[in-house]
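Q: Throw the hints in and build the complete structure from the sequences for me.
Listed here are the chains, written in short residue letters.
Number of protein chains: 4
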Amino acid sequence: MKPVIPLEDSFDAVLGVEYERPGDGTVAATIPVRRHLLQPYGLVHGGVYAAIAESLASAGTAFGVAADGKIALGEQNDTSFLRPISSGSIHASARALHRGRTRWIWDVEMRDDEGRLCAVTRMTVAVRAPG
Amino acid sequence: MKPVIPLEDSFDAVLGVEYERPGDGTVAATIPVRRHLLQPYGLVHGGVYAAIAESLASAGTAFGVAADGKIALGEQNDTSFLRPISSGSIHASARALHRGRTRWIWDVEMRDDEGRLCAVTRMTVAVRAPG
Amino acid sequence: MKPVIPLEDSFDAVLGVEYERPGDGTVAATIPVRRHLLQPYGLVHGGVYAAIAESLASAGTAFGVAADGKIALGEQNDTSFLRPISSGSIHASARALHRGRTRWIWDVEMRDDEGRLCAVTRMTVAVRAPG
Amino acid sequence: MKPVIPLEDSFDAVLGVEYERPGDGTVAATIPVRRHLLQPYGLVHGGVYAAIAESLASAGTAFGVAADGKIALGEQNDTSFLRPISSGSIHASARALHRGRTRWIWDVEMRDDEGRLCAVTRMTVAVRAPG
Chain A
1 MKPVIPLEDS
11 FDAVLGVEYE
21 RPGDGTVAAT
31 IPVRRHLLQP
41 YGLVHGGVYA
51 AIAESLASAG
61 TAFGVAADGK
71 IALGEQNDTS
81 FLRPISSGSI
91 HASARALHRG
101 RTRWIWDVEM
111 RDDEGRLCAV
121 TRMTVAVRAP
131 G
Chain B
1 MKPVIPLEDS
11 FDAVLGVEYE
21 RPGDGTVAAT
31 IPVRRHLLQP
41 YGLVHGGVYA
51 AIAESLASAG
61 TAFGVAADGK
71 IALGEQNDTS
81 FLRPISSGSI
91 HASARALHRG
101 RTRWIWDVEM
111 RDDEGRLCAV
121 TRMTVAVRAP
131 G
Chain C
1 MKPVIPLEDS
11 FDAVLGVEYE
21 RPGDGTVAAT
31 IPVRRHLLQP
41 YGLVHGGVYA
51 AIAESLASAG
61 TAFGVAADGK
71 IALGEQNDTS
81 FLRPISSGSI
91 HASARALHRG
101 RTRWIWDVEM
111 RDDEGRLCAV
121 TRMTVAVRAP
131 G
Chain D
1 MKPVIPLEDS
11 FDAVLGVEYE
21 RPGDGTVAAT
31 IPVRRHLLQP
41 YGLVHGGVYA
51 AIAESLASAG
61 TAFGVAADGK
71 IALGEQNDTS
81 FLRPISSGSI
91 HASARALHRG
101 RTRWIWDVEM
111 RDDEGRLCAV
121 TRMTVAVRAP
131 G
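Residue numbers (our numbering), protein chains in the order written: chain A, 1 to 131; chain B, 1 to 131; chain C, 1 to 131; chain D, 1 to 131.
Pairwise CB distance ranges, derived in the manner of DEER restraints:
hint: 1; chain 1: B; residue 1: ARG34; chain 2: D; residue 2: TYR19; range: 49 to 57 Å
hint: 2; chain 1: D; residue 1: ARG21; chain 2: C; residue 2: GLY88; range: 35 to 43 Å
hint: 3; chain 1: A; residue 1: THR30; chain 2: B; residue 2: ALA13; range: 17 to 25 Å
hint: 4; chain 1: A; residue 1: PRO84; chain 2: B; residue 2: ALA13; range: 15 to 23 Å
hint: 5; chain 1: D; residue 1: ALA13; chain 2: A; residue 2: VAL4; range: 56 to 64 Å
hint: 6; chain 1: B; residue 1: GLU8; chain 2: A; residue 2: GLU114; range: 27 to 35 Å
Non-contacting residues of chain A with respect to chain C, defined by C-beta distances greater than 10 Å in every case (computed):
hint: 7; residue: PRO3
hint: 8; residue: ILE5
hint: 9; residue: LEU7
hint: 10; residue: GLY42
hint: 11; residue: GLY64
hint: 12; residue: ARG95
hint: 13; residue: ASP113
Don't read these hints as lab results, they were simulated from the structure.
Think of the CB as a built atom: it goes at the ideal place given N, C-alpha and C, for glycine as much as any other residue.
A: As structure tokens, this is what we get:
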């Protein structure tokens with residue numbers, strides 16, 4: 001399965017996810033808070049946190065199952081909002097809790113520049129044969 | 001509490017949420033699928049569904065509690081992905097299951113142009129005094 | 001796959017789930033509130049609602065996929081608590097939102113004797129080949 | 001607020017939760033797998049994991065806010081099932097991710113005797129004034 005949308009035209013580019021090198025069942029990224037990611041009251045929109053977590057967990061699963069010729073498909077995204085962010089950067093780190101044959105489960109933590117936990121996501125990603 | 005970001009500069013504008021008139025505990029919207037909402041494989045990014053649901057449930061709660069001088073704050077967003085969408089529009093409808101003193105709980109359904117259910121969200125929105 | 005524990009010795013018997021006839025993608029049941037289902041403050045324990053939802057959605061899926069020789073396995077249970085119950089009965093009804101090849105997704109509503117919504121569950125059940 | 005049901009008559013006694021000493025934002029417990037906790041196929045019922053997590057997170061929050069005269073009320077319980085258990089014990093450990101003024105958020109992990117992760121719960125507990 002080949003990408004059909006260049007990364008720079010995709011929703012990841014809208015979010016501005018800057019990936020760090022993925023590890024073994026871990027993914028980290030920094031996302032600068034820009035004006036178009038805010039809701040009208042000047043806080044980062046809740047959907048932005050959910051989307052960041054989705055990108056990290058999907059990318060981490062895809063990376064982990066590619067050698068088996070499998071693909072990753074987001075199945076469920078449960079995001080809790082703990083503390084608003086209005087400026088600076090979002091620091092996201094994802095860790096695979098479970099790497100099963102048919103699905104991976106991730107915990108994603110998102111922190112502000114002071115290291116305070118601002119949102120957490122539990123993400124289920126299905127592992128499928130392509131096509 | 002006054003908005004500080006014009007709606008046309010906010011994340012709702014990135015998503016392209018076109019609201020219909022809110023009802024009593026219901027909100028509906030249409031979101032045309034545009035290229036920047038896709039992930040690299042040409043499907044709508046999972047975070048887009050979560051963000052749409054967040055916008056509808058938050059707007060519906062804010063609308064419902066404004067007369068009491070209260071504000072709405074997203075607390076938890078649990079989105080399940082059922083079927084991918086790659087073109088056309090996303091048709092979203094939100095319904096308040098519970099309207100409590102301290103939180104509202106919503107179900108949001110998102111369908112494609114053929115009316116097939118593609119994503120569902122259970123969303124918890126806190127009701128707070130401003131400031 | 002054959003049951004190995006008689007229903008009257010199983011956790012369903014502890015809960016006291018009295019099933020009504022399952023429909024096409026629907027299951028309903030009544031659960032009398034008995035003392036051993038309460039937490040120390042005299043309210044039905046939150047885990048009881050989650051367990052009831054789990055039983056209904058699993059039974060409904062198992063019933064729906066049995067003709068194909070498939071089995072049902074609970075994958076995720078997301079229960080929200082809206083209003084406590086301390087006596088009377090819990091009236092539960094489950095409805096399949098999505099019946100896919102690999103998983104079914106259910107909404108379960110639990111009400112008190114006055115018909116007030118007290119807990120809601122979104123439940124994901126995997127469909128698998130036995131063994 | 002005083003307990004009205006002795007712990008030995010409550011749902012915790014049905015579950016057989018054996019608490020270890022609570023720490024600062026942590027709670028652990030062991031639960032022997034007994035026949036009445038199984039579903040008909042001989043596996044621990046999914047609702048048992050959800051109920052264990054509910055008990056630990058609620059107890060941990062109640063313990064943490066008692067000094068302020070506050071009480072704990074379960075708000076949402078999202079449990080994912082990773083691997084079935086049919087015998088031995090369930091080893092549960094809960095950790096508070098967030099201790100806010102109005103709610104605490106917990107991660108609960110449940111493992112088998114071999115230390116394998118079998119279920120995980122994200123649990124939201126509301127902090128309220130009594131009465």
